[in-house]
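Trainee: Residue strings, one per chain:
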Amino acid sequence: MKVNITEYLRIELDTERWECRRCDRELGAARENYKRGLLVYDRDPREIHPPLLDSRLYSRTYSPDPAWCRILEYYCPSCGTMIEVEYLPPGHPPLHDIELDIDDLKARWKKGAAAEPERQSGSELPVRKLAPAHRHRG
Amino acid sequence: MNQETLPDEQALLDRFLADNRLFLGPDPEIMRDHRVGPRSDLEQTILEKGLSPHEVHHVRGLLNAALSEAFTMCNQMGAAPGAKWGDLVSGIYTARGDLAMIAPHGIIAFAACCFYPIKFIIKNWISDPTVGVRDGDGFIHNDARYGGIHNTDQSMMMPLFYHGELVCWLSTTIHEGENGACEPGGMPAAAESKYDEGIKMSPFRIVENFQLRRDLVTFLQNSVRDPKLQLEDMKVKLHAVLRLRERVISILDRFGRDVLVGTLRTHLEDVEAEVRRRIRELPDGTTRVIQFMDSSLRENVMQKISLAITVVGDRMIMDFRGSAPQFTNRAVNTNIASFKAALCTGLLQNIWPDLPHTMAVLSPIEIVTDRNSVIDAEGEMPQAMSLMPLFKACVVWTIPMNKLNFSLPQRYSATIASQYDQAATFIYGGLTQHGDVTGNFCGDINGNGQGARSNADGEHSVSPVFGFMCDTGEHEINEEDTPIIRLGAQRLARDRIGWGKYRGGLGYEQIATVRGSAMWGFMTGCEGSKFPSAQGLFAGYSCPSYQLCKIKGVNIFDVLRDTPQAIQEFDIVRLMNERPVSGARYSSVDMGMTFEICNEGELYMICQGSGGGYGDVLERDPALVMKDLAEDLMSHEIARNIYKVVYDEETLIVDEEATRKCREDYRRERTRRGRPFNEFCQDWVRTEPPAGLPYIGSWSDPAIIYAMSGGQRVTMKADQLHGVFMPNPKDVRIAELELQLAQLQRSTGGGE
Numbered sequence: 001m002k003v004n005i006t007e008y009l010r011i012e013l014d015t016e017r018w019e020c021r022r023c024d025r026e027l028g029a030a031r032e033n034y035k036r037g038l039l040v041y042d043r044d045p046r047e048i049h050p051p052l053l054d055s056r057l058y059s060r061t062y063s064p065d066p067a068w069c070r071i072l073e074y075y076c077p078s079c080g081t082m083i084e085v086e087y088l089p090p091g092h093p094p095l096h097d098i099e100l101d102i103d104d105l106k107a108r109w110k111k112g113a114a115a116e117p118e119r120q121s122g123s124e125l126p127v128r129k130l131a132p133a134h135r136h137r138g
Numbered sequence: 001m002n003q004e005t006l007p008d009e010q011a012l013l014d015r016f017l018a019d020n021r022l023f024l025g026p027d028p029e030i031m032r033d034h035r036v037g038p039r040s041d042l043e044q045t046i047l048e049k050g051l052s053p054h055e056v057h058h059v060r061g062l063l064n065a066a067l068s069e070a071f072t073m074c075n076q077m078g079a080a081p082g083a084k085w086g087d088l089v090s091g092i093y094t095a096r097g098d099l100a101m102i103a104p105h106g107i108i109a110f111a112a113c114c115f116y117p118i119k120f121i122i123k124n125w126i127s128d129p130t131v132g133v134r135d136g137d138g139f140i141h142n143d144a145r146y147g148g149i150h151n152t153d154q155s156m157m158m159p160l161f162y163h164g165e166l167v168c169w170l171s172t173t174i175h176e177g178e179n180g181a182c183e184p185g186g187m188p189a190a191a192e193s194k195y196d197e198g199i200k201m202s203p204f205r206i207v208e209n210f211q212l213r214r215d216l217v218t219f220l221q222n223s224v225r226d227p228k229l230q231l232e233d234m235k236v237k238l239h240a241v242l243r244l245r246e247r248v249i250s251i252l253d254r255f256g257r258d259v260l261v262g263t264l265r266t267h268l269e270d271v272e273a274e275v276r277r278r279i280r281e282l283p284d285g286t287t288r289v290i291q292f293m294d295s296s297l298r299e300n301v302m303q304k305i306s307l308a309i310t311v312v313g314d315r316m317i318m319d320f321r322g323s324a325p326q327f328t329n330r331a332v333n334t335n336i337a338s339f340k341a342a343l344c345t346g347l348l349q350n351i352w353p354d355l356p357h358t359m360a361v362l363s364p365i366e367i368v369t370d371r372n373s374v375i376d377a378e379g380e381m382p383q384a385m386s387l388m389p390l391f392k393a394c395v396v397w398t399i400p401m402n403k404l405n406f407s408l409p410q411r412y413s414a415t416i417a418s419q420y421d422q423a424a425t426f427i428y429g430g431l432t433q434h435g436d437v438t439g440n441f442c443g444d445i446n447g448n449g450q451g452a453r454s455n456a457d458g459e460h461s462v463s464p465v466f467g468f469m470c471d472t473g474e475h476e477i478n479e480e481d482t483p484i485i486r487l488g489a490q491r492l493a494r495d496r497i498g499w500g501k502y503r504g505g506l507g508y509e510q511i512a513t514v515r516g517s518a519m520w521g522f523m524t525g526c527e528g529s530k531f532p533s534a535q536g537l538f539a540g541y542s543c544p545s546y547q548l549c550k551i552k553g554v555n556i557f558d559v560l561r562d563t564p565q566a567i568q569e570f571d572i573v574r575l576m577n578e579r580p581v582s583g584a585r586y587s588s589v590d591m592g593m594t595f596e597i598c599n600e601g602e603l604y605m606i607c608q609g610s611g612g613g614y615g616d617v618l619e620r621d622p623a624l625v626m627k628d629l630a631e632d633l634m635s636h637e638i639a640r641n642i643y644k645v646v647y648d649e650e651t652l653i654v655d656e657e658a659t660r661k662c663r664e665d666y667r668r669e670r671t672r673r674g675r676p677f678n679e680f681c682q683d684w685v686r687t688e689p690p691a692g693l694p695y696i697g698s699w700s701d702p703a704i705i706y707a708m709s710g711g712q713r714v715t716m717k718a719d720q721l722h723g724v725f726m727p728n729p730k731d732v733r734i735a736e737l738e739l740q741l742a743q744l745q746r747s748t749g750g751g752e
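These protein sequence lines map, in sequence, to chains H and Y.
Just so you know, the numbering used here puts 82 at position 82 of the first sequence, and the rest follows in order with no gaps.
Just so you know, the numbering used here puts 4 at position 4 of the second sequence, and the rest follows in order with no gaps.
Keep in mind that the hints are not guaranteed to be accurate.
Stated by the list, open to error - Dumping the calculated SDA-like pairs for lysine to any residue here, alpha-carbon to alpha-carbon at most 25 Å:
1. H/LYS2 / Y/THR130
2. H/LYS106 / H/ASP42
3. H/LYS106 / Y/ARG280
4. H/LYS111 / Y/PRO409
5. H/LYS2 / Y/LYS200
6. H/LYS106 / Y/ARG276
7. H/LYS111 / Y/ARG276
8. Y/LYS627 / H/GLU47
9. Y/LYS200 / Y/THR130
Just so you know, the hints here were simulated from the structure itself, not pulled from any lab data.
Generate the whole structure from the sequences, applying the supplied hints.
Mentor: See below:
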C-alpha cells in the first residue's frame, strides 16, 4: 500500500521504502531521512531571486545575501523533479524534516483508512468543516 | 522548636509571606499555563446534571451576536487606527477567568492571551482588602508580561455579577498604538530595556460604579503622546463592555445562571475534545522546521527558531529548544505567553480554521522551550517589538503540519505554504497638520501575501499574518488625520514573488511622504532583508528579500510642481534605478529602521511581501505563467529562466512542445549537477556557523547555543541561557571608521 506524504514523496508500506510520486523511483528506507536518496545542489539565491535594483548602485537589491543564505535544491535522481528546497545559512546541516513512526503508519492504514487516490494536478482537495469521528486506533 | 507546633508555625509563616509580598509581578503560575483550568464545583454540578444541547446552542448563538455587537461598537467608535481595521476583540470568560468565546471578527490571538490578566485579578485583587472586585468595577491593563499580545493593546475587563454572584467576566481590547514609549507608535525598536517601552499597566481598577475614574484617566493621558485618543478609546471600550453586559444579563434573565455557566464550560471542553480528536487523526511521528530572523531591527544578526512537532496518540508536543537566546538590549524578544497566543493564531489561521476561537484550541498542546530564549524571554528583557518572533509563530505550523497531515484522507483547510510574515508598514509619529501630537501605525500591516496552495496560487495581500478577518483601512482617512501622503499604494510588487507550481500571492508597494507638518518621522520594523522570510512548501521557493528604499534631500512636491514630467510613475524599482530626481540621495537599506525624521516631500518606500510558493516551478502550467505576464506581475526573464516556458513575447502564445523539451532538458541538467546527499554533506556541513556570520541559536546540536559577546563568538548550554548584549550600532560604525582612518593615516605616513 502506498501512502502519499508530500506532493512528491510517498511511502510504500509493504517494502517500507520512500518513492518518488512522479516516476516511482525508490528513494531509500522509509525509516531513514528521505533526503539520503536524493541529489542536492547548492544554489546561489541570486539566481532564483534576481536583483531588481542596480547592484552597481545598491548592495540591497531584493536578492537574498549569498553570505547569509543558500538554497539547497533536492532532486529525484531519476526524473529530476525538484522534491524539496531548503533555505539555510552556508554550512548549516540539512534538516531531518520528516520522521514518521512507520509501525504506527502501517497499523493505521491496515485498519482500513482508504488510500488517498492520486490527485490530478490542480484538482480540488476534499475539505470539510466538521469531521465525523475518524479514528485510526481503538 | 516544639514539633507539635510546627504546622502552626509554618501556617503563620506562609500567611506572613502571602500578606507581605514585595511585588506582585507577572505570576509564573499564571503566565506559564495556557491550559483551560479544571471545572469549578458549580460547573461540575451543572454539567453532571446535564444541559439541553439545543439551549446550549441557542445561548452560544446569542453570546456570539452580543460579542459581535460589542466588537462593532469598538470598531465604529474607536479612535485608534487599529480599531478601524479590526485590531481588537470582545470576549467572555468563565468566573475563573478561562476565555470561552470572542467575537467572530478581528484578531484571533487575543483568544489565547486575554485571560491571563483576568486570572491575575482573580488571584490577587478579589481577596485583597485594599482592592477587591465589586459590581460596577472595570480593570485596565496593557503590559503583555501580565498577558496580552504586546503593550500597544489596552483592555477593559469587567466582572459580571448576577444577583450578587460573580458569574463571568467580560472584556474589550483595542490596539491603541501610542503608549508613551521612547519612539512614537507604541512599538519602539529602539527600546533597550523594558523601561524604554512606555507605560506598563499591570491590571488595576480604572472604573468604579460603571464610571471611569478621572484621576487615573488623567494620569494615563499624561503618560502618552495622544491624550485625546487615550480618553476616547477608554470610553469606547467601557461602553462596549457595558452593552455586552446588558446582553448577557438578558440571557441570564431568560435562561438562568446555570445554562450560561454550563454553556461557557461546555464550549471550552467541546473544543478541547475536538482538538485532541484531530491530533489523534495525525500519524505518529516528528516533523521539523527551522526559521531564521535576520535582524534585531538595530543590526543584522541571524536568530534561529527551531521547531520539532511530535505526535504520539492524542498528544502533540511542540519543541522549540535550540532556538536563539534572548537579547538583553534589543526589543525583539517575547514572553512565552504572548508567543503561545501567536501559535494559537497560526493554528487557526492555517491548519484548523473552522474551530471556534477560544483558548481551548491550544490548551491540549504541549509546548517546550529553553527558558531565556528569544521566544521565552524573562520579564526584564525588552519586548516592545515582540511582533518579530510572534509573526514567525503565526506561520511556523505550515511546513511541519503539512508534512504530518498530507497523508490524511481528509483535511480541514487547504494545504498552504507560509504567508509573508513581516510587519511591513510605516510606524509614524510627530505633529499632525492640525497641530496635534500623535504616534501610531498604518493599516498596511494587514496586506501580507498569502502562501501558495496545493491547488491554487496564493491571494495577493490577503490579510495580516495574525488575523484573517482584518481590513487594511482607508488611506483617505489616514490622510485626513495625519500629514502622511501616499504617492504609491496597493500597487503589486512586480517580480517579488515566491515561485512554484503555484506561486505565492504578491504584496504591494507603499510609497509615503509627509506634507504640512512641522515635525514628522517614520520607523519600520521588518526582518528579511538578507534572508527571505516566507517559506515555500514541497519545493516551492520562498519570497525574495525586501528592503527599505529612501529618496532624501528633495521635496517631491516641488519637483511635481516645477517638472511634473520628471516622474513617470511611482514605482519603487523605476525610481531607484532611473533616479529621476537629480541631487537627491537614494539609498536601499535594511527594513528595520528606528524612528527617523522625514522632511516634507522625502520618500520612504517599502513593500508588503509575497507568500511562499508551492511545488516544483517546472510543473507550473504555462498558461498560468502567461497569465502572470498578462497581469504584469512578473517579467519575461522569470518566465524563461525560472519557469522554463518557451513562448512568443508579443502574443504570449506558448510553444507547448518546445516548453516540454526545455523543461525535460532542465530536469536532466538537475540530475547532472546534483550530488548524492551524503557526498554533498561531507563538503557542505560545517561544524559551526561561518566565522563572519553574526549568528545566535543552535547549529547541529540543539543543546549547544551559539551567541556573541563583545564581538566574539561564545557558546552556552541551552538549559542555561543568558542574554546576548549587543553593542550600539553607532559605536560599531565609529570603530569601523576609526580603523579605516588609522589605516589611511598609516598608509600616508601620518599620525594622530
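Trainee: Run every hint past the structure and note whether it holds.
Mentor: Hint check:
Taking the CA atoms of H/LYS2 and Y/THR130, the gap is near 67 Å; set against the 25 Å cutoff, the hint is violated. Our distance criterion of 25 Å between C-alpha atoms is broken by H/LYS106 and H/ASP42, whose separation comes to about 35 Å. The straight-line distance between the Cα atoms of H/LYS106 and Y/ARG280 is roughly 15 Å, inside the 25 Å bound, and the hint therefore holds. For the hint linking H/LYS111 to Y/PRO409, the alpha-carbon distance of about 14 Å falls within 25 Å, and the restraint holds.
The straight-line distance between the Cα atoms of H/LYS2 and Y/LYS200 is roughly 56 Å, outside the 25 Å bound, and the hint therefore fails. Using a Cα cut-off of 25 Å, the hinted pair H/LYS106 and Y/ARG276 holds, with the two alpha carbons roughly 21 Å apart. Of the supplied pair hints, the one linking H/LYS111 and Y/ARG276 holds, its CA atoms being roughly 20 Å apart against a limit of 25 Å. A threshold of 25 Å between alpha carbons decides the hint, and for Y/LYS627 with H/GLU47 the separation of about 23 Å falls inside it, so the pair holds.
For the suggested pair Y/LYS200 and Y/THR130, the alpha carbons sit about 21 Å apart, so the restraint of at most 25 Å is met.
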